[in-house]
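Chain order of the listed sequences is A and B.
If you're matching positions, the first sequence starts at 151 in my numbering and goes up one per residue.
If you're matching positions, the second sequence starts at 635 in my numbering and goes up one per residue.
All clues stand as given, with none of them false.
With a straight-line cut-off of 35 Å between C-alpha atoms, the simulated DSBU-like cross-links for lysine-lysine are: (1) B:K940 to B:K847; (2) B:K859 to A:K291; (3) B:K835 to B:K859; (4) B:K940 to A:K286.
Calculated directly from the structure, the hints in this document are not laboratory data.
Listed below, chain by chain, are the residues.
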Amino acid sequence: MLSLTNVTRRFGTNVAVENCTIEIPAGQMVGIIGKSGAGKSTLLRMINRLIDPSEGTIAYGDIEVSTIKGAALRLWQRDCAMIFQQFNLVPRLDVLTNVLLGRLNHRSTALSILGLFTQEERASAILALEQLDITKTALQKAGTLSGGQQQRVAIARALMQRPKVILADEPIASLDPRNAQIVMDSLRAINQRDGLTVVTNLHTLDTARTYCQRIVGMQNGRIVFDGSPDDLTTDIAREIYGAEGLKEAFSETMTSTSLPAAPATAPDKSASNEPVKSRAGEVAKRMTDAQLVT
Amino acid sequence: MVELDAGAMLRTQETERHYRQLLGQRRLYSVLIIIGLLVAASASLWFANETNAGKFFDRIPYFFDFFKDLAPRDGWEIWRALFDLPSPYDDGSLQYNYPVGRVYLIGPVYLPEYFYKMIETLNIAIVATMFGTALGFVFSFFAATNVNSNRAVRFVVRRFLEILRAFPEIVVAGFFLVVFSLGPIPAIMAVAIHTVGAIGKLYFEVVENADMKADEGLRAVGANKVSRVWFGIVPQVMPNFMSYALLRFEINVRASTIIGAVGGGGIGEQLRLAISRGHEAKTLAIVLLLFTTIVAVDQLSAYIRKRLVGEQAFALQGALA
Ligand SMILES: Nc1ncnc2c1ncn2[C@@H]1O[C@H](COP(=O)(O)OP(=O)(O)OP(=O)(O)O)[C@@H](O)[C@H]1O
Ligand SMILES: [Mg+2]
Numbered sequence: 151m152l153s154l155t156n157v158t159r160r161f162g163t164n165v166a167v168e169n170c171t172i173e174i175p176a177g178q179m180v181g182i183i184g185k186s187g188a189g190k191s192t193l194l195r196m197i198n199r200l201i202d203p204s205e206g207t208i209a210y211g212d213i214e215v216s217t218i219k220g221a222a223l224r225l226w227q228r229d230c231a232m233i234f235q236q237f238n239l240v241p242r243l244d245v246l247t248n249v250l251l252g253r254l255n256h257r258s259t260a261l262s263i264l265g266l267f268t269q270e271e272r273a274s275a276i277l278a279l280e281q282l283d284i285t286k287t288a289l290q291k292a293g294t295l296s297g298g299q300q301q302r303v304a305i306a307r308a309l310m311q312r313p314k315v316i317l318a319d320e321p322i323a324s325l326d327p328r329n330a331q332i333v334m335d336s337l338r339a340i341n342q343r344d345g346l347t348v349v350t351n352l353h354t355l356d357t358a359r360t361y362c363q364r365i366v367g368m369q370n371g372r373i374v375f376d377g378s379p380d381d382l383t384t385d386i387a388r389e390i391y392g393a394e395g396l397k398e399a400f401s402e403t404m405t406s407t408s409l410p411a412a413p414a415t416a417p418d419k420s421a422s423n424e425p426v427k428s429r430a431g432e433v434a435k436r437m438t439d440a441q442l443v444t
Numbered sequence: 635m636v637e638l639d640a641g642a643m644l645r646t647q648e649t650e651r652h653y654r655q656l657l658g659q660r661r662l663y664s665v666l667i668i669i670g671l672l673v674a675a676s677a678s679l680w681f682a683n684e685t686n687a688g689k690f691f692d693r694i695p696y697f698f699d700f701f702k703d704l705a706p707r708d709g710w711e712i713w714r715a716l717f718d719l720p721s722p723y724d725d726g727s728l729q730y731n732y733p734v735g736r737v738y739l740i741g742p743v744y745l746p747e748y749f750y751k752m753i754e755t756l757n758i759a760i761v762a763t764m765f766g767t768a769l770g771f772v773f774s775f776f777a778a779t780n781v782n783s784n785r786a787v788r789f790v791v792r793r794f795l796e797i798l799r800a801f802p803e804i805v806v807a808g809f810f811l812v813v814f815s816l817g818p819i820p821a822i823m824a825v826a827i828h829t830v831g832a833i834g835k836l837y838f839e840v841v842e843n844a845d846m847k848a849d850e851g852l853r854a855v856g857a858n859k860v861s862r863v864w865f866g867i868v869p870q871v872m873p874n875f876m877s878y879a880l881l882r883f884e885i886n887v888r889a890s891t892i893i894g895a896v897g898g899g900g901i902g903e904q905l906r907l908a909i910s911r912g913h914e915a916k917t918l919a920i921v922l923l924l925f926t927t928i929v930a931v932d933q934l935s936a937y938i939r940k941r942l943v944g945e946q947a948f949a950l951q952g953a954l955a
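With the rest of the complex left out, here is chain B (with noise of 0.2 Å):
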């Protein structure tokens, strides 16, 4: 293990927080996503309830029945749902007309619907993460103090992040939706200011911490600020750089999905229909598939995280230790 000195403590112990930060936003949304969930179903459950006779709370005995609502005419149905593959069930309703939602590609090679919404949303997440961080990137290094000496455009800038990071995605989202109309495009859009207030703001500090004794070299060597910062810092900063941009997508996922939800279209789109509609198969194929993505894109971050910071991770475990 290397020896730490208290410059390197203090950086390990920076980042561990803003780990920590990105986790717990993470975590939000994971829980605002399954509360989202569970009014979606009671609310539809309750509409149902009062359209039939009967009142909700005096149902609540029968609470379970929801639960059985939920459950498909049979086990199979959920893999013809999440596959577009026809059901024994199909009585021409948009209920149980699986194959109708095909997408298909080349001859007989289609893509099962919620796979595209699926990619639908994945790809708002992947879009708005590449501008947001990109823009972060750039931001990032005229609020720094260790980069611009200019007091004034630091300001600005740090002031400009805090602005587009101030309200969620997904009020940003329903403004736009509202002025842009709905698709994914507003979306993209919602999610990236956000990301690139988030990211500029983790980033400046990442660069705040960097040991500059490479830049006073390459200042030495008569190289200008370009240079300097693309040299001297940018190696030293890029893991970490990396990682955060990760962790942001992760959570960009999940934000899409919300915005779908709220008329962004994509899975989320999908996931509401489902619910409100009351097509329990389709419903729990939609829970399905975004809870197998959802860990797969998390558990691939994960890895490429550990990758890319290996050493500093060991390095943070030891400081922690």
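Okay, chain A solo, but in the shape it has when bound (with noise of 0.2 Å):
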């Protein structure tokens, strides 16, 4: 179990994260959402530690995530991986190494700059890009391959971590519709196979609907909604995007993502596109209708 108390980060006088408290039971996937700005991208970062926390305490278990230093801390990033907007892959190495650097903290620096890696190792990482279906990318240059597949490079990394947690900050954002969806089904299959925790900011509403059991908004650098997909009404998604940000939330669904509501097999695109397009059109035309005009 995650658990953030009262967890506080000032930058300066600019309050980012304000007084968060949250409890995130083992397995779980959440999705944060709020308006640009909102603290998202903060609070992930201070879960993983990349950002200390000003106050507040974070635990994973009877680990003190917000105190600890040095290896303590490292074995926690190690246990909670991250997965970026912008990848953050080593782009003039191969697909391979940088999926092996996902056993960083498993092996002394010596071996690992000699660049030794056991069979076993580079077995488990061409086994990763496999369950990603990115294997003949494996001896590229990782800066060579589109967003999507070093987006599932990054996840085939996070899981050379064996991590007991994945967090991943708008992993989605710049990526086209198509491997937009084939990131997030990775990120659900990681989810309920292997039983990790997924804790992942999102852009846009539709896709935290469809993908996270729980979903949790933030305004502000406070968290102003934590509940199910469903609890999630009109007046309150209106509330975390305001009135002109609703709108831009729900239009993005049809340029960010395309989300069937069971993506079940990969659809083709102009299938799989009209059905998101008219159903988010369609909410998006209810609220429009019902609250935003006046």
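Two chains, two separate frames, one set of hints: put the complex together.
Below, the structure is given as structure tokens:
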């Protein structure tokens, strides 16, 4: 169980995250939504300790995440993998090496620097690539891959860490609809098949509704909503995004993701886009009609 | 052509500026060698003039006699001097006895004296560049803000690098040659020390311009500092590092030649001796060899650099276009 208690983060006088308290049981898939600048990234980065909280405590089981340092901190970071919007791979190294770098905290630095990864590690890296259907890119330089492929490499690297939690900071924000769907499907598969806790920031409401069991809404650094997708009424959505932002949050579903209600197989593009467009469009229209236009 | 964001633009401009700096220094050293040659030659002319009757300034109208003095007895003499072949003018004096300098390798196979000396000079440059670059590499990460967050250490390392590159190689070499007596080791030390300072600075600026996304990714993996630098930053900066090291090598070949002339051994010393003794064929042979070697080194280095940073050079052209 991951628990944040009264967590606050300030940048100078600017409060990015304010007094957030939340408990996430193991195995949950949580989506964090909110306007740009709401503090989503800051919250996630504090959990992985890329940023230190100003106040409050973060704990995972009996690990006091918010205060650990040095080797203990790196061990936590290994257990709590992070996926970034810009992938954050090493572009000049090949895909396989990038995936193997997920093992860095499992082995001695000297061995890593000499490039001595074991047969076993190599095999499991290839297996991870296979799961994400990008094995054929294994020897290509990571920087030469498409965005969707790079994000899948990043997920493979995260899996190599053998983490307990996966954090994803807008993992699909720079991907086209098809790749966005593949990446979200992979995250869901990891959550369901391997039972890992997944916490992901999402820019669009629709993606969060489709993929997450639980949605957390943030506004101005505070948690203003925490519940199931069904609890997320249009009133609340409007509060989170603001009247202007709400339209945007929906219109973006058509440009940044293509998400059929039940993505069982990878559907044909035109077939998958159509229902989403109509569904999202319909919701947006309903909201506009009912509340937004005064 | 790839789109360049603002950061990439800045980086390429930075790189361009560094290249110009290094090329400027290389040119300066070439000019120094040429000036040195002229000064040495005129000095020996003056000396010869003094010991004869007449005065230098009276002789200015006969300035071109100097070049006449440099003219060998026949064109083949240059090649005989260069390849240590027997000369028909051999009178047992050092001036025309070329084969005496031969360095025998196996049986009758020999290396001509000046090739041997040229290799000695190149060797000084290679060893100094390797040691200097390796140390500069290590120091650069301690000096870079984005790798080392400890201000005090950064400050000390940067000042240290400044001190190392404050004095030209030749000055440091002069000092070492006095302290440690003549030979290639003091020359190597002098060139290496300056290289650490110069390369260390160039390198840390490259590191500070590195894109830190890869590093952040590895931090989130739980990798330690050494791994993060090695896997997150080094692959990115390596083409630039290699390129600067090669440019530095070109400069160091010139520096080693000049240091040779002040007692560091190698081809520089031979050149000074040949000029001061008025051995015209030997002088020309050495100048020819030196010129050819420097051009060859520069061309080879340019070729490797182009291959290493091919794509970046492309971006550079794009940014400057
Ligand atoms: N390193 C930093 N230094 C200063 N201020 C920061 C820093 N990082 C974030 N902030 C500020 O904290 C606030 C929250 O930023 P954060 O990146 O967490 O928002 P976000 O919800 O992730 O937004 P987006 O959807 O645009 O990614 C913003 O006002 C931002 O300007
Ligand atoms: Mg963000």
